[in-house]
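Undergrad: Position chain P against the provided structure of chain B, taking the given hints into account.
Residue numbers (the numbering used here), protein chains in the order written: chain B, 219 to 458; chain P, 103 to 287.
Among the hints, erroneous ones may be present.
[What the hints assert, rightly or not] As a list, the in silico DSSO-like pairs of lysine-lysine whose alpha-carbon atoms are at most 27 Å apart:
no. : chain 1 : residue 1 : chain 2 : residue 2
1   : P       : K105      : P       : K124
2   : P       : K165      : P       : K211
3   : B       : K321      : P       : K236
4   : P       : K212      : P       : K165
5   : B       : K265      : P       : K124
6   : P       : K165      : P       : K124
7   : P       : K236      : P       : K262
8   : P       : K282      : P       : K262
9   : P       : K127      : P       : K105
10  : B       : K321      : B       : K375
11  : P       : K236      : B       : K451
12  : P       : K165      : P       : K262
13  : P       : K262      : B       : K451
14  : P       : K236      : P       : K212
15  : P       : K262      : B       : K265
16  : B       : K451      : B       : K321
17  : B       : K349      : B       : K234
18  : P       : K282      : P       : K124
19  : B       : K349      : P       : K127
20  : P       : K282      : P       : K236
21  : B       : K265      : P       : K127
These are calculated hints, taken from the structure and not from any lab test.
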Amino acid sequence: MPAASARLPVVVVTCKVLASALERLLPPDLAEDVTLLEYGLHRAPAKLTASVQEALDAIQVPSLVILGYGLCGNGLRGIRSGAHTLLVPRTDDCIAILLGSYKAYMRHFSAEPGTYWLTKGWLEAGSHPLKEYQEYTARWGADEALWLLDQQYRNYKRIALVAPNLEEMAQYRASAQEVARFCERWGYRYEEVLGSDDYVTRLIEAAVALRDGAPAASTGPDFLVIPPAAEIKQEMFMRG
Amino acid sequence: MSKILERIATCILEGDVEQTAKLVKRALDEGTPAGQIMDEGLLAGTTQIRPLLLAGGSKQAGKVLLGTVKGDLHDIGKNLVSMMCEGAGFEVIDIGFNVEPEAFVEAIKKHQPEVVGMSAMLTTTMRAMGYTIKAIEEAGLRDRVKIMVGGAPVDADFSKRIGADGYGSNAPAGADLAKKFVGAA
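Bound conformation, chain B alone:
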């Protein structure tokens, strides 16, 4: 066990979806290295697991790794910490992180479970029903594309753009509304939800505290601290 005084270097491995929040909030001298992994790896969770594991295994020195992921469709399940200590937001996916807290997410979720979330990251990566329509149409023709999308999306009720501030909201409004117009075929209503930097801020604070020797338990219920030579399990993310 390392002495509390042995400061671990801090490294970030994150999905691009959190890149802009981290860019804004990460103190410039905190992280030795930041690895950004592609958007949308969660669509094939095994791929997410492999990519994150590869990024972790590539870190040479035992480090404190801020993992910018939630459980992400079980994509983090089975990740082995190896020589490192991992700090992970304890959420199902990035939406709770972008909304600022698990509570905020649950509030939105119980108000309208049928919400399709749009974010800066998703819009830039082109991961949304309109883009899928274009891709499916190219592969199978428009009728088939619409049939497939109807099966996938007909039960949702709302499409919501989440942004951490009004500037980003304004910047992505037009493209979000374009997607929303396409989703009118299923009767979705369009809404804008102001998110918060709070979760990412607390993630960074937790990393600083851990690096400075604070005990893992002090990070509280919103984070998981995975010690060296351990494995991430699905049930660690389950709350009450």
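TA: Chain P in isolation, oriented as in the chain B frame:
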């Protein structure tokens, strides 16, 4: 209608779950559009079964109650399980998606199925399966039904943890489980 789609319909009619799955995969590999396989193969098969079952008085395998759990609006998987169960000779009662635990309980009381199948697509909502099983226990109905669970984030380990009787990794596996539960497999 193409030959392979006809064969899929026939397999559904005969309750040949494994062969159905193989043929659907082959049809997809050959480039047959998914919607066409669904309409002209799978659905064509199931719609032929219903009147036969109703008219012939042939004994059904049993009753399966299916629903996607509370908070979850994804129903493609559940609908496929429903189709496969019908193909296997079950009467299927589909109570839809975003189904409250209490609604499962009420439906069990009303329809008295042998098998209850629950589906969830998200890690956020898979917990609701556990709550639903609890509600069924509290209503004193747990011994009367076999419970099977499935959906993208679900696995056998999770199904054991929440006290389900079985887990199906895909729609044919769900129908197979239901058959096992009623002793028809």
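Undergrad: Decide, hint by hint, whether the structure agrees.
TA: Hint check:
1. P:K105 <-> P:K124: holds (14 Å)
2. P:K165 <-> P:K211: Given pair P:K165, P:K211 holds - Cα atoms ~13 Å apart, limit 27 Å.
3. B:K321 <-> P:K236: holds (24 Å)
4. P:K212 <-> P:K165: holds (12 Å)
5. B:K265 <-> P:K124: With a Cα-Cα distance of about 25 Å, the restraint between B:K265 and P:K124 holds, given a limit of 27 Å.
6. P:K165 <-> P:K124: holds (26 Å)
7. P:K236 <-> P:K262: holds (13 Å)
8. P:K282 <-> P:K262: holds (17 Å)
9. P:K127 <-> P:K105: Given pair P:K127, P:K105 holds - Cα atoms ~14 Å apart, limit 27 Å.
10. B:K321 <-> B:K375: Holds. B:K321 to B:K375 sits at ~21 Å (cutoff 27 Å).
11. P:K236 <-> B:K451: holds (23 Å)
12. P:K165 <-> P:K262: Distance of about 23 Å is within 27 Å: holds.
13. P:K262 <-> B:K451: Distance of about 15 Å is within 27 Å: holds.
14. P:K236 <-> P:K212: holds (18 Å)
15. P:K262 <-> B:K265: holds (26 Å)
16. B:K451 <-> B:K321: holds (22 Å)
17. B:K349 <-> B:K234: holds (19 Å)
18. P:K282 <-> P:K124: Given pair P:K282, P:K124 holds - Cα atoms ~21 Å apart, limit 27 Å.
19. B:K349 <-> P:K127: holds (26 Å)
20. P:K282 <-> P:K236: holds (23 Å)
21. B:K265 <-> P:K127: holds (23 Å)
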